[in-house]
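Here is how the chains run, residue by residue.
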Amino acid sequence: MSTAPVQGAPTADTPVTAGAPPRRRSVVAQPLTRAQYLTTAVLGFLGLLAIWTAITLSGLVNPLFLPSPLAVASALAEQAANGQLLEDVTVSTYRVMCGYLLATVMALPIGLLAGSFARVEAVVEPIMDFIRYMPVVAFVPLTILWVGTDDAQKFLIIWLGTFFQQVLMVSDAVRQVPSSFRNLGATLGLSRLQILIRIVFPSSLPRVWDALRISLGWAWTWLVVAELVAATSGMGYRITQAQRFLATDVIIGYVLVLGVLGLVFDQLMRAGGRSLFRYQKGRS
Amino acid sequence: MTLLTARKVEVANVTKQFGEVTALSDISLTLGQNEFVSVVGASGCGKSTLLSVIAGLEPPTAGSASLGGHVLTGPGRDRGVVFQSATLLPWLSALGNVEFALRGEEGLTKKQRIDRAREVLAQVGLDGFEDKFPSQLSGGMQQRVALARSLSYGPEVLLMDEPFGALDALTRRTMQELLTQVWEKHRMTVMLITHDIEEAVFTSDRVIVMTPRPGRIRAEIPIELDRPRHADLIGTPAFHSYYTEILALIHERGH
Ligand SMILES: Nc1ncnc2c1ncn2[C@@H]1O[C@H](COP(=O)(O)OP(=O)(O)O)[C@@H](O)[C@H]1O
Ligand SMILES: [Mg+2]
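Protein chains in written order, with the numbering used here: chain L, 1 to 284; chain S, 1 to 255.
Because the hints were derived from the structure by calculation, they are not lab data.
Computed from a prediction, not measured in an experiment: that's the story for all the values here.
Check before you lean on any hint, since a few could be wrong.
Here are the simulated lysine to any residue pairs, SDA-like style, with alpha carbons at most 25 angstroms apart [said to hold, decoys possible]:
(1) S:Lys-111 - L:Arg-198
(2) L:Lys-281 - S:Lys-110
(3) S:Lys-110 - L:Arg-182
(4) L:Lys-281 - S:Asp-131
(5) S:Lys-185 - L:Ala-271
(6) S:Lys-132 - L:Pro-206
(7) L:Lys-281 - S:Lys-132
(8) L:Lys-281 - S:Lys-111
(9) S:Lys-110 - L:Leu-193
(10) S:Lys-132 - L:Phe-277
(11) L:Lys-281 - S:Phe-133
(12) S:Lys-110 - L:Thr-149
(13) S:Lys-185 - L:Pro-202
(14) S:Lys-132 - L:Ala-271
(15) S:Lys-111 - L:Ala-271
(16) S:Lys-110 - L:Ile-195
(17) L:Lys-281 - S:Leu-89
(18) S:Lys-132 - L:Arg-283
(19) S:Lys-132 - L:Leu-193
(20) S:Lys-110 - L:Pro-202
(21) S:Lys-132 - L:Phe-181
(22) S:Lys-132 - L:Arg-274
(23) S:Lys-132 - L:Pro-202
(24) S:Lys-132 - L:Arg-207
(25) L:Lys-281 - S:Ala-166
(26) S:Lys-110 - L:Arg-207
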């Protein structure tokens, strides 16, 4: 839920097809313009909101379990007004960033090496493959015993949830660089190391960036998991507190905010990718 | 047109096995100094393998390739390679890609490298496109950049593996003429791999015909057509007779 499914998002250079006089139906689906896409997306959200409102107005569901959109909005507004929301968002964002950056800083070199050298790959990947299938949630009790319940434990959970996947995705990105690029480097008289540094790594960067973007979404999920179990602050903690007081409006409000945060960070990473890799055509 | 000139590249009894597959079987050939030689043959007959052996990218299972009398043991800047896909570094401009190849030249300042890169890009008709990224260039233009990159550092031998194979027919013709013009002006030793017989006859001094399973040399045809060559050569009877002769050799199986 934290990685926003905006895969088919249009790009600036999608051809504008609207306004062609004789409107004929093409066999192939026409891509939407950016405006069309956004309008449709907004309508989708409004539709969902309308259904939600209709259900709450119909009285079919106890408002204790499903509060109206208005109730959720006012609960959120209250949290915002008394500073609680900002505090929770800040603490959670800080934890995500620390855990995520820690994982990234470690995964990048290991992934790059594993993607470049078969021997490193043979050492690293089977281990990573094994560990990544262990459910991270099951590590929560262990991490609490190891490092307690303060921030370090949150970092550790996020790290466990992202690091191993990142290594595998980064090494895969490196391996996907066509071998003709290595051959090119060799014919230009570059050494193996020079080929890696000057040709292979830069070539893999756009894919590496995408891997990092996707894993940032996971980091948010693991943060909430960690905060739900043992925390005295943060978004997840507030949700468990709200559960105690049956404050479903706060719970739903916070879940929505988490969704928005995930979306915002994803879009920031996309924008970063677009500006870093301007040379790529049609990067979304 | 046979060896009036010095032997530049010598491939001596080269066999190359990939496991069970014999890609090259006891191949011997020479490229004369400043000679333009094409290698034609059906797909899978070992053309690319032959080029890789000369480029130093694949070691031969038996036999050797040498350049100027020295046995080749690996790739090097004395040989320039143009691959079928342009393999341009996507984050560098056309100019940047050529300049990248020149970084290996000792004693060139950045300014000199850029000047040289501009010069070579102009030679292949790309003046005005220096600042374009590969993604902004057509397939033909990308191959021009790749050609310029290989020419830029002045290798003794230019090796090309179906460089125009992925281009449309019209662009391919333009590129063949361009290559011929550049070569006629700056003579160098060239080996061009192609499956396009017209391309081989039009560009070359000599055409080597290979047959598959295992990869062997079937024939070597000297092309005694006058230079400079222009597109209208392709319609002439002399050209046509080379074309049919080579076509027959390629289709003749197991002689
Ligand atoms: N790296 C490789 N590993 C295994 N087999 C290969 C390899 N490269 C080429 N071959 C095999 O060698 C034969 C010749 O290939 P190639 O030189 O690419 O032919 P061509 O360029 O004429 O199409 C083919 O049968 C091909 O499958
Ligand atoms: Mg080939």
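Structure versus earlier hints - violations, ascending order: The structure conflicts with hints 2, 5, 8, 12, 13, 15, 19 and 26, although it agrees with all the remaining ones.
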